[in-house]
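There are 2 protein chains.
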Amino acid sequence: MKVKVVTNILEANDRLAAENQKIFDELGVFVINLMSGPGAGKTSVLESTIKEVNGKIKIGVIEGDIAGDDDARRIESLNIPVVQINTGGACHLDANMIRVVMNELPLKDIDLLFIENVGNLVCPAEFNVGEDIKVMLLSIAEGHDKPLKYPLMFQTSSALILNKIDLLPYTNADIQKIKKDALSLNPGLKIFEVSCKTGEGVSEWVKWLYSIVNNKP
Amino acid sequence: MKVKVVTNILEANDRLAAENQKIFDELGVFVINLMSGPGAGKTSVLESTIKEVNGKIKIGVIEGDIAGDDDARRIESLNIPVVQINTGGACHLDANMIRVVMNELPLKDIDLLFIENVGNLVCPAEFNVGEDIKVMLLSIAEGHDKPLKYPLMFQTSSALILNKIDLLPYTNADIQKIKKDALSLNPGLKIFEVSCKTGEGVSEWVKWLYSIVNNKP
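In order, the protein sequences belong to chains L and D.
By numbering that gives the first Met the number 0, the letter at position 102 of the first sequence is numbered 101, and the numbering carries on one by one without gaps.
By numbering that gives the first Met the number 0, the letter at position 58 of the second sequence is numbered 57, and the numbering carries on one by one without gaps.
Be aware that one or more of the hints could be misleading.
Said to hold, decoys possible - Taking lysine-lysine and the PhoX-like style, the derived pairs with C-alpha atoms no more than 25 Å apart in a straight line are: (1) L:Lys196 - D:Lys176; (2) D:Lys206 - D:Lys55; (3) D:Lys50 - L:Lys196; (4) D:Lys196 - L:Lys178; (5) D:Lys196 - L:Lys176; (6) D:Lys21 - D:Lys50; (7) L:Lys189 - L:Lys176.
No lab work stands behind these hints, which were simulated from the structure alone.
As the structure is a prediction and not an experimental result, all values here were calculated from the model.
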């Protein structure tokens with residue numbers, strides 16, 4: 000019974016997500032659903048990305064949080080169009096939330112839309128929101144056991160940003176194990192080692208972004 | 000409609016949680032529901048706690064993970080009775096999962112049972128499992144904006160362990176802001192600064208554990 004309810008919710012969400020994606024496609028917007036656990040640095044990676052891109056492609060952002068608008072204000076201060084969703088308790092964004100806010104953004108003037116999901120390494124992976132691809136972050140401070148404990152997010156993502164790589168010398172994390180386990184779950188996963196503090200890896204990540212956005216059919 | 004479904008699930012769960020608590024009470028087991036985002040160090044804090052307690056009170060552990068039994072094996076190697084729950088995708092433990100596994104543990108011989116929840120800063124806070132108190136961890140590497148973004152877990156917890164405090168010099172985290180915001184959400188919250196790497200703060204946390212376990216009515 001419980002499973003049936005969940006299945007129906009997911010099916011209804013997927014239908015709406017497909018409609019969102021069609022709208023984005025018609026407007027030529029490439030959409031990335033950005034996911035991670037709490038505090039892995041999604042907003043910091045967006046800030047670094049926006050600075051590195053420096054207007055070469057036009058970026059927009061939808062911010063998802065349970066409460067607050069800190070992240071939206073950080074993005075807005077970079078002169079990027081942004082809208083904040085407060086889920087009021089819900090642990091993930093869903094397609095209908097995106098539908099409700101998408102027209103608050105100047106979609107015709109946006110090449111690349113980031114949807115920053117609620118910080119949660121579990122639930123967001125189950126809910127499509129209309130994205131072209133999913134990208135996940137893992138902070139190196141979260142440790143090397145995460146791929147095998149949270150497999151779905153690693154399986155559904157096209158790229159993994161290993162963030163806060165500057166903290167590696169101060170942790171016990173085994174980065175080779177993270178990569179090995181992540182690739183065993185998802186052999187096509189593209190992996191970037193990034194530090195928003197030192198700037199390491201940001202240009203490689205942004206180069207890859209250009210290639211996927213420009214190759215959108 | 001959607002809200003109604005969720006309400007019913009929560010009510011049914013609360014009923015079962017109250018039954019679990021009655022069973023634990025009758026057997027004299029103090030139960031802590033241990034929660035945090037992924038990789039904040041719940042299992043490491045349990046390891047440090049078990050070593051510091053050193054048999055003075057009898058500890059048992061229920062491990063909750065979506066997949067894998069790494070954490071249970073870490074606890075078992077310390078000669079502590081442990082049982083692993085794999086939720087198979089579910090993002091939190093619920094009261095029925097605890098009911099199903101509780102008799103796998105020698106409850107009569109346990110003074111203090113830790114239930115290590117799935118790593119998730121959102122959903123576990125909504126589901127009682129039969130615990131006396133909730134305790135949450137936040138890794139200092141997660142940053143200082145977490146209390147205001149994930150208020151429910153801070154509001155429902157009796158204690159907050161600020162873990163990986165050894166990483167503080169290498170992050171931009173403002174620990175005073177974390178404490179101030181957490182206390183504004185929950186003025187009675189007991190806060191411990193802990194490093195499992197250096198051992199800092201472990202004895203203060205364990206002293207507090209003794210006091211609450213021994214004062215259980």
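**Asked** Under the criterion that the straight-line Cα-Cα distance not exceed 25 Å, is the pair Lys50 (chain D), Lys196 (chain L) satisfied?
**Response** Violated, at roughly 36 Å.
Straight-line Cα separation of Lys189 (chain L) and Lys176 (chain L) no greater than 25 Å?
Within the cut-off at roughly 15 Å; holds.
Checklist entry - CA of Lys21 (chain D) to CA of Lys50 (chain D), is that 25 Å or under? => result violated, 29 Å
Exercise for review: For the pair we were handed, Lys196 (chain L) and Lys176 (chain D), check the Cα-Cα distance against 25 Å.
Suggested key: Satisfied, since the Cα-Cα distance of roughly 20 Å is no more than 25 Å.
Straight-line alpha-carbon gap Lys196 (chain D) to Lys178 (chain L), limit 25 Å
The hint holds at about 24 Å.
Straight-line Cα separation of Lys196 (chain D) and Lys176 (chain L) no greater than 25 Å? holds, 20 Å
- Item | Hinted pair Lys206 (chain D) and Lys55 (chain D), Cα distance within 25 Å | holds, 11 Å
Comparing the model with each numbered hint stated earlier shows that hints 3 and 6 do not hold.
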